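There are 2 protein chains.
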Amino acid sequence: MAVYTDVSFEDLEALLAGYDIGEPRMFKGIAEGVENSNFLLQTDRGSFILTLYEKRVHAGDLPFFLGLLEHLAQRGVQCPLPVRSRSGDVSMILNGRPGAILTFLEGVSFRKPDVIHCAAAGAALADLHIAGEGFAIARPNALGLAGWQPLADATAERADDVERGLAKAIQEALSHLKANWPSGLPNGVIHADLFPDNVLFMGHQISGLIDFYFACNDALAYDLAVMLNAWCFETDGSYNITKGQRLIGAYNERRKLGTDEIAALPVLARGAALRFLLTRLYDWLNPDPQALVRPKDPREYSKRLRFHMQTQSAKEYGA
Amino acid sequence: MAVYTDVSFEDLEALLAGYDIGEPRMFKGIAEGVENSNFLLQTDRGSFILTLYEKRVHAGDLPFFLGLLEHLAQRGVQCPLPVRSRSGDVSMILNGRPGAILTFLEGVSFRKPDVIHCAAAGAALADLHIAGEGFAIARPNALGLAGWQPLADATAERADDVERGLAKAIQEALSHLKANWPSGLPNGVIHADLFPDNVLFMGHQISGLIDFYFACNDALAYDLAVMLNAWCFETDGSYNITKGQRLIGAYNERRKLGTDEIAALPVLARGAALRFLLTRLYDWLNPDPQALVRPKDPREYSKRLRFHMQTQSAKEYGA
Numbered sequence: 001m002a003v004y005t006d007v008s009f010e011d012l013e014a015l016l017a018g019y020d021i022g023e024p025r026m027f028k029g030i031a032e033g034v035e036n037s038n039f040l041l042q043t044d045r046g047s048f049i050l051t052l053y054e055k056r057v058h059a060g061d062l063p064f065f066l067g068l069l070e071h072l073a074q075r076g077v078q079c080p081l082p083v084r085s086r087s088g089d090v091s092m093i094l095n096g097r098p099g100a101i102l103t104f105l106e107g108v109s110f111r112k113p114d115v116i117h118c119a120a121a122g123a124a125l126a127d128l129h130i131a132g133e134g135f136a137i138a139r140p141n142a143l144g145l146a147g148w149q150p151l152a153d154a155t156a157e158r159a160d161d162v163e164r165g166l167a168k169a170i171q172e173a174l175s176h177l178k179a180n181w182p183s184g185l186p187n188g189v190i191h192a193d194l195f196p197d198n199v200l201f202m203g204h205q206i207s208g209l210i211d212f213y214f215a216c217n218d219a220l221a222y223d224l225a226v227m228l229n230a231w232c233f234e235t236d237g238s239y240n241i242t243k244g245q246r247l248i249g250a251y252n253e254r255r256k257l258g259t260d261e262i263a264a265l266p267v268l269a270r271g272a273a274l275r276f277l278l279t280r281l282y283d284w285l286n287p288d289p290q291a292l293v294r295p296k297d298p299r300e301y302s303k304r305l306r307f308h309m310q311t312q313s314a315k316e317y318g319a
Numbered sequence: 001m002a003v004y005t006d007v008s009f010e011d012l013e014a015l016l017a018g019y020d021i022g023e024p025r026m027f028k029g030i031a032e033g034v035e036n037s038n039f040l041l042q043t044d045r046g047s048f049i050l051t052l053y054e055k056r057v058h059a060g061d062l063p064f065f066l067g068l069l070e071h072l073a074q075r076g077v078q079c080p081l082p083v084r085s086r087s088g089d090v091s092m093i094l095n096g097r098p099g100a101i102l103t104f105l106e107g108v109s110f111r112k113p114d115v116i117h118c119a120a121a122g123a124a125l126a127d128l129h130i131a132g133e134g135f136a137i138a139r140p141n142a143l144g145l146a147g148w149q150p151l152a153d154a155t156a157e158r159a160d161d162v163e164r165g166l167a168k169a170i171q172e173a174l175s176h177l178k179a180n181w182p183s184g185l186p187n188g189v190i191h192a193d194l195f196p197d198n199v200l201f202m203g204h205q206i207s208g209l210i211d212f213y214f215a216c217n218d219a220l221a222y223d224l225a226v227m228l229n230a231w232c233f234e235t236d237g238s239y240n241i242t243k244g245q246r247l248i249g250a251y252n253e254r255r256k257l258g259t260d261e262i263a264a265l266p267v268l269a270r271g272a273a274l275r276f277l278l279t280r281l282y283d284w285l286n287p288d289p290q291a292l293v294r295p296k297d298p299r300e301y302s303k304r305l306r307f308h309m310q311t312q313s314a315k316e317y318g319a
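As they're listed, the protein sequences go chains A and B.
1 is the number of the first residue of the first sequence in my numbering; add one for each residue after it.
1 is the number of the first residue of the second sequence in my numbering; add one for each residue after it.
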């Protein structure tokens with residue numbers, strides 16, 4: 001949640017002159033997304049999100065992110081759609097920041113999704129992977145295996161201030177992952193951050209997937225491993241295998257998982273847990289004084305990593 | 001702007017069971033108000049603000065604040081109206097905080113209001129003062145003259161770190177105000193914080209007045225003096241007398257100002273400038289690490305105070 005850049009109504013009014021989306025009725029900074037400044041805009045023609053991309057999202061990546069949303073929306077994925085300006089631009093500059101206006105999706109996200117939500121989300125991930133096929137631009141996963149060592153190095157010295165033994169646990173997991181990271185798995189566009197807060201529901205139906213700013217090309221099954229971490233653990237740290245079964249099962253019904261993908265789930269789940277542990281740990285140790293957001297506790301993910309380090313097979317996840 | 005208290009959709013769902021306002025369609029923390037946690041809620045029946053009152057708003061004051069909104073709304077003021085629960089309660093407790101659900105008002109606020117907006121806002125203030133008559137509960141102004149000395153004391157030591165000579169300027173203004181503060185002016189319910197961000201417009205028409213959490217009983221003309229400070233200075237620090245003329249003139253058309261009120265404007269304007277200087281200075285020197293808000297720069301108000309300290313009569317404000 002963050003609003004880093006201030007946008008006055010006067011700034012907005014000048015901007016909207018370049019768009020054909022009606023007269024503003026409401027304009028508010030919202031506490032959403034850790035990477036960008038987000039504003040909810042309602043006009044007489046509908047609801048929109050104005051996003052200004054702060055330092056973590058590079059302007060050079062916008063053609064990928066915004067192009068991907070257009071590609072996915074054309075293929076039926078319920079995701080925000082960039083609104084083009086009168087001159088046809090998909091992005092713009094406002095108060096010195098690159099930005100975009102996107103359609104707003106109704107719906108609410110669950111803090112504690114239940115089994116039905118897990119199944120719906122698993123199916124939505126498979127649909128997303130299928131819809132992503134044929135998207136022309138590629139973007140490597142900056143937070144994949146190669147990105148973890150620098151984060152481990154940057155946090156090693158103070159990791160044990162957060163949790164005793166954490167630096168060693170990270171180093172061991174990283175060595176294990178370097179030796180065992182799978183290659184040759186089916187690749188494609190992944191969301192890479194499909195946490196419950198990025199999935200909107202109306203009742204039990206998914207009304208939208210949001211926040212594609214970690215999307216990239218990587219192993220599709222890694223995206224599933226991210227979701228097992230984010231959706232299937234209970235507040236007490238236990239893994240709910242029923243949720244895992246339903247999530248993986250619903251995914252598999254839409255997009256059949258290969259035996260190689262299933263076999264790789266434990267190591268992918270370790271990698272996904274380490275990725276979120278490292279970025280949370282880094283943000284915890286280096287809080288941004290400008291941020292209007294409290295960093296998330298990294299220990300949630302050290303617990304999950306420990307769980308994954310002792311699993312033997314995909315069966316333990318419900319596959 | 002702040003969201004201090006976290007509210008999950010599940011928390012909201014449980015809360016809404018006690019209200020008759022429909023099914024949630026959207027629920028988002030918004031970056032608004034420095035005193036409370038605010039959430040925008042849209043249901044199939046309308047839009048609402050869920051506010052949780054943080055430490056600066058005392059639960060004991062809620063009957064005043066919420067009762068005042070009901071009183072004003074009944075008298076035609078466009079202000080948020082508290083939604084009563086099925087059991088008739090105007091407030092509730094959520095996540096350990098007192099809270100209320102209020103109707104949401106459409107409209108946008110201007111960062112740099114022009115002359116037309118100043119006139120509309122002046123008229124709205126007069127209407128508000130008239131509508132406030134007869135409200136049964138009283139609340140003293142905690143940030144009136146008696147409240148300034150403690151703030152001056154609490155900031156004296158480090159005031160000069162913010163601006164050279166500031167501690168002395170504050171002390172001089174305070175001595176002057178103690179000796180010259182008017183008494184016996186027409187009293188009533190005042191908003192006490194009617195800044196441009198608390199006045200919503202649709203086009204040139206006011207669509208709502210919001211954020212009544214400093215409302216109290218005090219001299220009505222003091223409320224006007226707050227607005228002269230908040231609406232009539234330009235970004236470069238200069239006083240725009242045309243804006244002052246229109247604001248005071250529009251007020252006076254709805255509620256005739258007494259000669260005593262007009263004569264008191266310079267000293268009231270000094271007091272209002274000192275009040276915002278002191279609270280901003282205090283917040284600047286004592287930032288709340290929990291706050292998702294950057295404190296406002298107090299120097300804007302030291303400049304205004306210096307302006308007011310050299311005025312001789314209400315004519316200089318456009319009266």
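If you're looking for bench data, these hints aren't it; they were derived computationally from the structure.
One thing to keep in mind: the hints can contain errors.
Given that identical chains are not distinguished, each listed pair holds provided it fits within a single copy or across any two copies.
What the hints assert, rightly or not - Only pairs whose alpha carbons sit at most 20 Å apart, straight line, appear in this in silico DMTMM-like list of lysine to aspartate or glutamate:
| hint | residue 1 | residue 2 |
| --- | --- | --- |
| 1 | Lys178 | Asp197 |
| 2 | Lys178 | Glu70 |
| 3 | Lys178 | Glu35 |
| 4 | Lys178 | Asp44 |
| 5 | Lys168 | Asp260 |
| 6 | Lys28 | Asp6 |
| 7 | Lys112 | Asp11 |
| 8 | Lys28 | Glu106 |
| 9 | Lys55 | Glu172 |
| 10 | Lys178 | Glu253 |
| 11 | Lys296 | Glu234 |
| 12 | Lys178 | Glu133 |
| 13 | Lys168 | Glu316 |
| 14 | Lys112 | Glu133 |
| 15 | Lys112 | Asp260 |
| 16 | Lys168 | Glu133 |
| 17 | Lys112 | Asp61 |
| 18 | Lys256 | Glu106 |
| 19 | Lys112 | Glu172 |
| 20 | Lys256 | Glu234 |
| 21 | Lys315 | Glu23 |
Computed from a predicted model, the values in this text were never measured in an experiment.
Status of each hint after checking the structure:
no.: 1; hint: Lys178 to Asp197; verdict: neither (30 Å within a copy, 54 Å between copies)
no.: 2; hint: Lys178 to Glu70; verdict: neither (35 Å within a copy, 64 Å between copies)
no.: 3; hint: Lys178 to Glu35; verdict: neither (28 Å within a copy, 49 Å between copies)
no.: 4; hint: Lys178 to Asp44; verdict: neither (54 Å within a copy, 51 Å between copies)
no.: 5; hint: Lys168 to Asp260; verdict: neither (30 Å within a copy, 75 Å between copies)
no.: 6; hint: Lys28 to Asp6; verdict: both (11 Å within a copy, 18 Å between copies)
no.: 7; hint: Lys112 to Asp11; verdict: between (38 Å within a copy, 11 Å between copies)
no.: 8; hint: Lys28 to Glu106; verdict: both (16 Å within a copy, 11 Å between copies)
no.: 9; hint: Lys55 to Glu172; verdict: neither (31 Å within a copy, 45 Å between copies)
no.: 10; hint: Lys178 to Glu253; verdict: neither (31 Å within a copy, 77 Å between copies)
no.: 11; hint: Lys296 to Glu234; verdict: within (17 Å within a copy, 41 Å between copies)
no.: 12; hint: Lys178 to Glu133; verdict: neither (28 Å within a copy, 74 Å between copies)
no.: 13; hint: Lys168 to Glu316; verdict: neither (25 Å within a copy, 70 Å between copies)
no.: 14; hint: Lys112 to Glu133; verdict: neither (31 Å within a copy, 48 Å between copies)
no.: 15; hint: Lys112 to Asp260; verdict: neither (30 Å within a copy, 61 Å between copies)
no.: 16; hint: Lys168 to Glu133; verdict: neither (39 Å within a copy, 69 Å between copies)
no.: 17; hint: Lys112 to Asp61; verdict: neither (32 Å within a copy, 34 Å between copies)
no.: 18; hint: Lys256 to Glu106; verdict: neither (30 Å within a copy, 48 Å between copies)
no.: 19; hint: Lys112 to Glu172; verdict: neither (31 Å within a copy, 57 Å between copies)
no.: 20; hint: Lys256 to Glu234; verdict: neither (27 Å within a copy, 64 Å between copies)
no.: 21; hint: Lys315 to Glu23; verdict: neither (54 Å within a copy, 39 Å between copies)
The structure shown violates the earlier hints numbered 1, 2, 3, 4, 5, 9, 10, 12, 13, 14, 15, 16, 17, 18, 19, 20 and 21.
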